[in-house]
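Number of protein chains: 2
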Amino acid sequence: MRFKNRITEMLGVEYPIVQAPMGWIARAQLASAVSNAGGLGIIETSSGELDAVREEIGKMRQLTTKPFGVNIAQAFVRDPNIVQFVIDQGVKFVTTSAGDPTKYCRALKEAGLTVFHVVPTLKAALKAVEAGVDGLVVEGAEGGGFKNPQPVSTMVLLPLVREKTNVPIIAAGGITDGRTMAAAFALGAEGVQMGTRMVSAAESPVHQNWKNAIVAAEETDTVFLNQFSRPALRALKTQKTARLERELVPNYQGPPVMAEFARAKDLYFGGDMEASIALSGQVAGRIDSVKPVKQIIRETVDEFFATVGGLAATYA
Amino acid sequence: MRFKNRITEMLGVEYPIVQAPMGWIARAQLASAVSNAGGLGIIETSSGELDAVREEIGKMRQLTTKPFGVNIAQAFVRDPNIVQFVIDQGVKFVTTSAGDPTKYCRALKEAGLTVFHVVPTLKAALKAVEAGVDGLVVEGAEGGGFKNPQPVSTMVLLPLVREKTNVPIIAAGGITDGRTMAAAFALGAEGVQMGTRMVSAAESPVHQNWKNAIVAAEETDTVFLNQFSRPALRALKTQKTARLERELVPNYQGPPVMAEFARAKDLYFGGDMEASIALSGQVAGRIDSVKPVKQIIRETVDEFFATVGGLAATYA
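Same order as they appear, the protein sequences are chains Z and E. Residues 1 to 316, numbered by the working numbering, are exactly what the first sequence covers, in order. Residues 1 to 316, numbered by the working numbering, are exactly what the second sequence covers, in order.
There may be inaccurate statements among the hints.
Repeated chains share a single entry, so a pair holds when one copy, or any two copies, can fit it.
[Unchecked claim] Calculated cross-link-like contacts (lysine-lysine; reagent style BS3-like; alpha-carbon spacing at most 25 Å):
no., residue 1, residue 2
1, 123, 265
2, 237, 123
3, 211, 164
4, 237, 164
5, 265, 109
Hints listed in this document are in silico derivations from the structure and should not be mistaken for laboratory results.
Start from the sequences and build out the full structure, keeping to the hints where you can.
Given below as structure tokens:
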């Protein structure tokens with residue numbers, strides 16, 4: 001059983017399974033495990049720590065001979081040289097997100113990179129296609145992280161974008177196994193991206209407390225914060241985020257939500273779950289154990305083919 | 001191409017496509033069109049107008065010889081005789097919703113009815129199975145109408161409930177065509193329920209202004225209201241609901257959201273979109289025209305088989 005579609009061809013991977021570019025987390029230890037398992041690891045730049053990112057990309061070349069990508073989270077990387085920085089690293093695949101798709105697309109394409117833009121709405125998708133992207137990451141609002149303040153779920157957004165565009169789509173938001181991967185493919189995707197599943201992986205560098213919180217979470221244990229401002233975000237419910245959910249409403253007068261990330265590393269790597277915000281998708285409620293990346297990808301692929309085969313046997 | 005699974009067997013229908021039980025709307029004109037097209041029409045009781053409902057069930061027997069069902073929306077029908085009322089109508093299939101599944105399940109089952117309970121969380125699903133229901137309607141938060149205040153999308157909730165229970169599942173929330181039906185089946189459903197798609201149908205009794213508003217809506221044009229109280233609900237964005245979205249936050253002091261339904265009929269049948277709240281799912285953004293029910297169901301079935309066939313050809 002193997003995959004052969006536009007995403008595997010463009011990315012040069014065995015399996016069209018991409019790891020999401022979580023700030024500070026999507027670095028060589030995790031990303032190389034994903035690439036070595038046949039998926040596509042992605043290195044983040046949203047931490048803004050470009051020196052560290054350069055070092056991580058260097059480590060990737062030691063840890064894997066397989067393809068990997070870089071993400072440019074436009075709203076979070078203010079360095080005007082980010083495009084040249086990415087080009088200089090010699091990677092072939094980049095996702096751009098959280099910003100205007102016309103801003104970097106041409107320069108990246110002219111340098112020979114394959115460019116996918118992350119979109120939370122049809123309007124954003126059409127704008128990205130117009131800008132000349134090679135493909136889209138279509139991100140439903142059940143996913144974790146920074147979100148459009150007008151949330152639309154994968155079940156609605158993905159087929160809508162599929163109907164109105166022709167470029168290959170990587171589905172994000174709610175994807176955590178082979179069943180959800182098969183559903184995303186039924187909706188028109190040719191690849192999937194996993195965030196929370198990878199945060200919880202054995203090779204993820206986050207503190208065990210965060211992984212344990214994902215494993216313990218029910219499907220109702222995320223909050224959607226700051227919907228009346230920007231950026232909105234989805235995170236695990238903690239004492240802090242439950243309080244913020246009730247405070248970040250119209251006429252809120254306190255400090256901006258981004259101030260909560262000042263102590264992000266105390267949560268991410270120190271394990272103090274109340275120090276900051278643990279970005280996470282609703283799939284936390286479906287994750288019952290910490291697994292190595294290789295196992296996650298193998299089980300996903302096996303279940304994908306079993307699901308498609310089962311549907312075909314019953315209904316085709 | 002035909003369907004044969006637990007849902008078609010239990011419901012006695014050709015296609016496992018169920019019409020949602022929208023208050024005032026899910027009456028004989030719409031429900032008979034669904035049943036005659038091979039799906040399952042459902043008559044509502046959430047309007048509380050049991051005399052009218054009795055008359056509608058009488059009309060159903062004139063308009064169709066096919067099976068149909070009744071919904072008991074427990075939070076909205078306070079009549080203690082509702083169970084006997086439903087049994088007396090001679091229907092064989094009932095969905096219960098918005099309440100404790102143990103309350104009516106035994107009496108309905110003892111009277112020979114097939115009982116499905118509508119659930120928005122895994123916890124509710126497990127409780128319903130424990131109560132002895134025959135199956136579940138698993139309802140993702142992208143759907144319209146009254147919702148759990150802790151929203152979980154279909155892509156997350158449906159496979160979670162599938163993994164943890166064995167009863168047949170009808171998927172609701174985000175389902176509007178064959179692609180989404182195939183995705184729901186990949187996630188473990190054996191049937192689907194459509195609400196907004198049926199509100200927009202030619203045979204739907206709502207005013208043309210509401211249908212036009214669904215056709216005009218983008219996928220971001222719904223609001224999720226009253227999340228910090230009960231009942232939460234999803235509706236089309238209008239001047240009224242955009243205002244309510246910003247008002248119905250913690251420490252809200254105004255009249256309860258249900259007071260907005262005092263003039264529901266002026267919206268539903270009079271076409272004054274600001275008179276009340278037009279309950280609607282995110283799929284409004286995917287609906288581009290008013291179609292007869294028969295066409296909706298035929299296109300859904302054709303696209304379902306085409307989608308499954310396409311997946312099988314590429315990946316099985």
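Results of checking the hints against the structure:
Taking identical chains as interchangeable, the C-alpha atoms of residue 123 and residue 265 are never at most 25 Å apart, the minima being 35 Å within one chain and 34 Å between chains. In this assembly of identical chains, the alpha carbons of residue 237 and residue 123 lie at most 25 Å apart only when taken from different copies (17 Å versus 30 Å within one copy). In this assembly of identical chains, the alpha carbons of residue 211 and residue 164 lie at most 25 Å apart only when taken from different copies (22 Å versus 38 Å within one copy). Taking the closest pair of Cα atoms, residue 237 and residue 164 come within 25 Å of each other only across two copies (23 Å); inside a single copy the shortest separation is 35 Å, beyond that limit.
Taking CA atoms no more than 25 Å apart as the test, residue 265 paired with residue 109 passes in neither setting, with 34 Å inside one copy and 55 Å between copies.
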